[in-house]
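Undergrad: Could you slot chain B onto chain A? The hints should help.
Protein chains in written order, with our numbering: chain A, 1 to 276; chain B, 1 to 180.
Don't take every hint at face value.
30 Å max Cα-Cα, derived DSS-like pairs, lysine-lysine [as the list claims (entries may be wrong)]:
1. K29(A) / K72(A)
2. K174(A) / K159(B)
3. K248(A) / K29(A)
4. K174(A) / K55(A)
5. K210(A) / K55(A)
6. K52(B) / K86(A)
7. K225(A) / K177(B)
8. K159(B) / K83(A)
9. K159(B) / K210(A)
10. K29(A) / K55(A)
11. K210(A) / K86(A)
12. K131(B) / K159(B)
13. K174(A) / K225(A)
It should be emphasised that the hints constitute simulated quantities derived from the structure, not laboratory data.
These figures come from a predicted structure and were not determined experimentally.
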Amino acid sequence: MLKYIISSILFFGYLLGFSQTKPIDLQPKDTVVHTDPYGIRVGIDLSRLLISSLKDGYTGLELVGDYRLTDKLYVAAELGNEKNTKQEDLYNFTTSGSYVKLGVDYNTYGNRYDMNNAIHVGGRYAFSTFSQTLNNYSIFDANRYWTDPDFQLNPDPNATNDFAMGSNIPQEFKSLTASWIEAVIGVKAELFANIYLGASVRIGYLITNKEPDNFRNLWIPGFNKVTDDSNFGVGYNYSISYFLPLYKKAKKLEEKKKEIEEQEPIEEETIFPENP
Amino acid sequence: MNKIKPPIVLTSLLIMVILGFMGCEKDDICVDGTTPLLIVRFYDVDNREELKRVPKFRIVGIGQNTTVVGVADRTDLDSIAIPLKVVENTTGFYFINNSMDVDVEDPDGQTIQVEGGDLDSLYFNYNRIDKFVSRACGYIANFDNLSGDLRSETENWIKDIEIIAPLVDNSTEAHVKIYH
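Looking at chain B on its own, in the form it has when it is part of the complex:
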């Protein structure tokens, strides 16, 4: 009977080892992709091939209390990456040229600071496309049929908008050109 035992023990061990390996799985951390950001570049309206920095640029999402995270505030910039709303088909931003704080008196006589720069409201309209990336990431959004809608004022500092990539599926190439 002793002769019989070693193979059974060996096989049971092998089964246990294989079951142990089943517990090890690929890391479930998403590294394969994310919802892309909209890349906007600023060009000279007089020389449409030339990039032109916006002095002391500030950008605030409409309905938000903070500047867009990831964009350097009140800095001379010619390129920005901004997030679009996933749950809506429209995202609005205040594009502020030459941003500064200005002291004004409110009706109560208190001195408060308000934005003193040139402020233009620009809305982006699009259709969302949900795209499956991987097990860990699940779905991300891409944006198609991108269009820009500038709310006109007496004098906009943004002179012209050109959509060069209506499908936003990456954060590496420019999607929108803004001339000023």
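Just chain A, with the same shape it has in the complex:
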């Protein structure tokens, strides 16, 4: 009996060998399609909220948003409103106004398939419309002959050797505008599902600046401090945002791209002759 069994195994084993029609693929292709979420991301700048609560004379709000166009490219925008009072040595002024920034962000960070973090570089065109109020000012005079109480015959006992008051009646300069371009570099990290924490720094270059008569736009909403004889300004934000996924798209892989490129011309050739 044993002889028959062994013979059968040898016989059928031979058949088994024949039934293997395809060669064994030792490197099987991954057929799982990796998808990336596409959608809109909206958020708020935390730094402006924090400074508003900590610093007297400042209130500001900035909304941030972006929309994913392609694998790496995002359309990005910021919308803000700021009111800032600054005390300089001899004058005090308040700037109040709104701004909008529009541009693109390019993600340079290579994510693993389930990650959506970003290290982005980008550019913006920004426009601000605002007003400046000169609250008070003193007159700068290097000569103290008339203001120093020591030189006076009958000085006011309360007098101090201070600059003469120019005016303390607030003076408002309205309908001022400025526009600038910005270079942006920043990071965005997904904290929890669809909640992102971001930070960015910006260098702005003023293009247009409509200034008031006999005063200057020393601070512009969204642009921050304007330095004498320079068109450059710097800014930053720390944003928290929510990502609203709208649709999913297959993650582009370089190998797949090549395959598609190879296949497509053949398909076109076969399709066209069918059309009469």
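TA: Just chain B now, with coordinates in the frame of chain A:
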């Protein structure tokens, strides 16, 4: 996972460096301008083109206890730079020719020294114009519609005043000519 860290570290470093640079600002010391001084030059009344020094000249602001700071005292001068009051539209000066101390007895019999020179009171009237200069300096004053008002006495040593620049916006050119 180790592959991911370097770009994040680099970017954070870059952000820190840029934030660090934001702390550096242009020096906030005013060097761009100041309220101008009034430049007065003294000319010969007989030869109106010729500068003429005032012997032992002294100038004191009316209401002040000291001579004007920056003008050499009791010196022969043909040109002076004097400050105007910013808070008022009028500034008065005692222009003293041939200034000297004279001993006199006061009612108590004490010997005191008084000014013995020829003293003329001259007031300047003007309108102030505030002008924004720069972030560090803020506003300075310029003076417009300048006019001179000499209080006449029996004999003034100042014979005539001519305003040649009614707008005082610099301290480099002469604004007033005084003939004596």
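Undergrad: Hint by hint, note whether the structure agrees.
TA: Results for each hint:
{"no.": "1", "hint": "K29(A) / K72(A)", "result": "holds, 25 Å"}
{"no.": "2", "hint": "K174(A) / K159(B)", "result": "violated, 51 Å"}
{"no.": "3", "hint": "K248(A) / K29(A)", "result": "holds, 22 Å"}
{"no.": "4", "hint": "K174(A) / K55(A)", "result": "holds, 25 Å"}
{"no.": "5", "hint": "K210(A) / K55(A)", "result": "holds, 28 Å"}
{"no.": "6", "hint": "K52(B) / K86(A)", "result": "violated, 51 Å"}
{"no.": "7", "hint": "K225(A) / K177(B)", "result": "violated, 45 Å"}
{"no.": "8", "hint": "K159(B) / K83(A)", "result": "violated, 59 Å"}
{"no.": "9", "hint": "K159(B) / K210(A)", "result": "violated, 51 Å"}
{"no.": "10", "hint": "K29(A) / K55(A)", "result": "violated, 59 Å"}
{"no.": "11", "hint": "K210(A) / K86(A)", "result": "holds, 20 Å"}
{"no.": "12", "hint": "K131(B) / K159(B)", "result": "violated, 34 Å"}
{"no.": "13", "hint": "K174(A) / K225(A)", "result": "holds, 19 Å"}
When each numbered hint is compared with the structure, violations occur for hints 2, 6, 7, 8, 9, 10 and 12.
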